[in-house]
Amino acid sequence: EPEVTQTPSHQVTQMGQEVILRCVPISNHLYFYWYRQILGQKVEFLVSFYNNEISEKSEIFDDQFSVERPDGSNFTLKIRSTKLEDSAMYFCASSEIGQATYGYTFGSGTRLTVV
Amino acid sequence: GQNIDQPTEMTATEGAIVQINCTYQTSGFNGLFWYQQHAGEAPTFLSYNVLDGLEEKGRFSSFLSRSKGYSYLLLKELQMKDSASYLCAVRDRSSGGSYIPTFGRGTSLIVHP
Chain A
1 EPEVTQTPSH QVTQMGQEVI LRCVPISNHL YFYWYRQILG QKVEFLVSFY NNEISEKSEI
61 FDDQFSVERP DGSNFTLKIR STKLEDSAMY FCASSEIGQA TYGYTFGSGT RLTVV
Chain B
116 GQNIDQPTEM TATEGAIVQI NCTYQTSGFN GLFWYQQHAG EAPTFLSYNV LDGLEEKGRF
176 SSFLSRSKGY SYLLLKELQM KDSASYLCAV RDRSSGGSYI PTFGRGTSLI VHP
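As given, the protein sequences belong to chains A and B, one line each in that order. The numbering used here puts the first residue of the first sequence at 1, with every later residue one more than the last. The numbering used here puts the first residue of the second sequence at 116, with every later residue one more than the last.
In case anyone wonders, no lab produced these hints; they're calculated from the structure. Since the model is a prediction, treat every value here as computed from it, not as a measurement. Where is the CB? At the ideal position from N, CA and C, for every residue including glycine. All clues given are correct.
Ranges of calculated distance between the beta carbons of each label pair, as one might list FRET restraints:
#1 A:Asn51 / B:Ile132: 41 to 51 Å
#2 A:Asn51 / B:Ser142: 24 to 34 Å
#3 A:Ser27 / B:Glu156: 17 to 27 Å
Turn these sequences into a full structure, and let the hints guide you.
Here it is, written out as structure tokens:
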């Protein structure tokens, strides 16, 4: 069964450092997303991406965050200067169509720990 | 935005049936999703409802009443592996035509032998 692949599975970084989280969405999917989940809290939307540009973003997705699709397969989330409160599980997801009536397919996540 | 309310935790016995409720408030309802999330793992899609009624999929069924702002997920013949968090997510088109669903806090289901 096709899956969304995320690397690394766990990243530890010092406060103020830049991190790049990587994702390979399902190959025939056109819509890509980043979500985060702080430990014990709900899954929160960060950004959606379609046709090589951001289609929606939440209040969480401020100037410290950026996304990129550098080639035909990878989809990355960059955090420029990490803060302690950025510690969370970051999930990449993809869907075949925007309405996602079949739901999103989530990757297994990257656990980011900022120290 | 949406107000999504689910019980925090439920317990049930292996082999039994459990119903997990979700209530929501939106001004432009456009679909409700249920996801299952095991601890430390990604959410996996279970069901999608946009019209009133019951959608059945094997041991899992999901019900929607748009007029009441209410959904439930019904799990039959519970197995130990069903112990997980169950997330209700609602899409509200009133926010500028967004297709992005908002997730509730999830219901942690514990299945006992």
